[in-house]
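Undergrad: Sequence:
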Amino acid sequence: MDINTCLATTVDSRSLALYANIVPAVTSIILAGFVLRRAIDRPKAYLFAGFVGVFAIWLLANSVLWNSNNYYLIAGLWTPLAYVELLFFLLLFCFFYLDIFSVIPRWMSAIVLLTASVSFIVNVRGKAASGFDQAWCNVYNSEFLNNYNLGTEVLILLAILGFGIYHILKLKENRNEQIRLGIITGSIVLFMGIFSGSEYASVNSTVYLAELYALFTLPIFILFLTIAITTYGTFRLGDTVAKALFYIFLVFSGAQFFFVTTPASFALAVIAFLMTLSFGVLLLQSYEREAEIRAKVELLAKELRETNMRQESLMHFIGHEVKGYLTKDASAFAALFDGDFGKLSEELKPFVERALAQSRDGARSVTDILTASNQKKGTVSYTKEPFDLKALVAEIVEKAKQSAEEKKLAISFTTADDSGAPYAFTGDKAKIGDNVLRNIIDNSINYTQSGSVAVSLKKGNNKIVFAVKDTGIGITEEDKKRLFTEGGHGKDSQKVNVHSTGYGLFIAKNIVEAHGGTIRAESEGAGNGSTFIVELPA
Numbered sequence: 085m086d087i088n089t090c091l092a093t094t095v096d097s098r099s100l101a102l103y104a105n106i107v108p109a110v111t112s113i114i115l116a117g118f119v120l121r122r123a124i125d126r127p128k129a130y131l132f133a134g135f136v137g138v139f140a141i142w143l144l145a146n147s148v149l150w151n152s153n154n155y156y157l158i159a160g161l162w163t164p165l166a167y168v169e170l171l172f173f174l175l176l177f178c179f180f181y182l183d184i185f186s187v188i189p190r191w192m193s194a195i196v197l198l199t200a201s202v203s204f205i206v207n208v209r210g211k212a213a214s215g216f217d218q219a220w221c222n223v224y225n226s227e228f229l230n231n232y233n234l235g236t237e238v239l240i241l242l243a244i245l246g247f248g249i250y251h252i253l254k255l256k257e258n259r260n261e262q263i264r265l266g267i268i269t270g271s272i273v274l275f276m277g278i279f280s281g282s283e284y285a286s287v288n289s290t291v292y293l294a295e296l297y298a299l300f301t302l303p304i305f306i307l308f309l310t311i312a313i314t315t316y317g318t319f320r321l322g323d324t325v326a327k328a329l330f331y332i333f334l335v336f337s338g339a340q341f342f343f344v345t346t347p348a349s350f351a352l353a354v355i356a357f358l359m360t361l362s363f364g365v366l367l368l369q370s371y372e373r374e375a376e377i378r379a380k381v382e383l384l385a386k387e388l389r390e391t392n393m394r395q396e397s398l399m400h401f402i403g404h405e406v407k408g409y410l411t412k413d414a415s416a417f418a419a420l421f422d423g424d425f426g427k428l429s430e431e432l433k434p435f436v437e438r439a440l441a442q443s444r445d446g447a448r449s450v451t452d453i454l455t456a457s458n459q460k461k462g463t464v465s466y467t468k469e470p471f472d473l474k475a476l477v478a479e480i481v482e483k484a485k486q487s488a489e490e491k492k493l494a495i496s497f498t499t500a501d502d503s504g505a506p507y508a509f510t511g512d513k514a515k516i517g518d519n520v521l522r523n524i525i526d527n528s529i530n531y532t533q534s535g536s537v538a539v540s541l542k543k544g545n546n547k548i549v550f551a552v553k554d555t556g557i558g559i560t561e562e563d564k565k566r567l568f569t570e571g572g573h574g575k576d577s578q579k580v581n582v583h584s585t586g587y588g589l590f591i592a593k594n595i596v597e598a599h600g601g602t603i604r605a606e607s608e609g610a611g612n613g614s615t616f617i618v619e620l621p622a
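Residue numbers (this note's numbering): 85 to 622.
Nothing false has been slipped in among the hints.
Below, a list of computed lysine to aspartate or glutamate pairs in the EDC-like style, where the Cα atoms sit at most 16 Å apart:
(1) K513 with E469
(2) K553 with E619
(3) K564 with E608
(4) K543 with D501
(5) K468 with D512
(6) K513 with E479
(7) K547 with D501
(8) K553 with E606
(9) K513 with D472
Keep in mind the hints are simulated off the structure, nothing from the lab.
With the sequences and hints as input, model every part of the structure.
TA: Below is the structure:
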């Protein structure tokens, strides 16, 4: 009676082989499914799923090799399986490289394709196998293919180790990312190294059980990848997914006890189950801590929002009250100064004039703060209508002459043409005039100790350009970064203008942008003056 050697050589290990291959294949596919369904980073998710899919194909085909009695099927699957093994190593490398560097350059893709092509051509040309040993139901791969695959896999693992260590050392200030990358690098090099080494040893020594024992470590490798993927953010899949994956892996890991047939395989099963349980518990504990922290953060955020709302409400109440008092004071001082209650003595005139100016400045400062707050909330409305921008600038410059003359500054206003034609513009005249044009001109006067303030207006290329150039204190590169931000004082600005709120240019920027324009400042540095430029659509 003929003996089927494929049955005879594997009969005692078939249940073990079934478990060792099917469990990693199923768990890998489940993990890939969650990643494809939930991951935001699609290119990385596709590469990960590609690696897992090819890896699962290898495991399922390997299970067939261990459980089939058909010589022809085994001979037909054996050598292509070596190519599939190389392919999932290459896909794993691409996934790792993309995870670290965010993009795979074309030259790297070309190298990967060339590497895969060599093994593919050897298989297609029928040069992958050197013979078939019917006594052991074993196909002998060509020496070239064995060495080529092993060499490539070793180089891939060394490259992953090198890139991983280099990147971990660069991430000194990001502890979480170091841990994530360390888990991925370590698990890939350790477990895939065991896998590759056991494959090579089993083929070259005919101790095929070494391959099955190595496969017992793969669920742990998959669990490590799961920890990196769920806890440390390779793909953010959520708490529920992480818990579901843990319980799935635990069930599959426990199922191995129904398949073990030898003391050695039982010992490996115990180790694999305990490691799966231990790291799974750590994973769940990590998520519980994260959930607690997230709940505290959400509570603090809610309290902060409520506090901010109360502060805003209080600020608006106080602001409106203070503004009301200052406006009334300004009206009273204006009436006194204009002689509505009789002619003022020469001794009182300077006092009333200063009090009027200070009351108006105070009311303007409060208005700026309230306006900035309203802009942040999006409650500012604009009344846009046509007006002559040139006439508005001329009016503001005329009003500013007194302040300039008090500081002995020369102030001028020029336009690009002398035709007298208006500069028609459609917008909120009050806000453009008070919060933009007047604010910039006043700033130039306030921050210029001596010299001049030159205001200019021109139009062309479908835009109107308003510019104010002064010989003042200038702007440093550091101050430019804060210039148009909320409360953005220059480093020494309040030494020159103690009444600065830091909101004026922030408000001006928002108004200009709301009208479809831009605003910027130019300066060659401290002590070299500055130029503020506003461009509005014509």
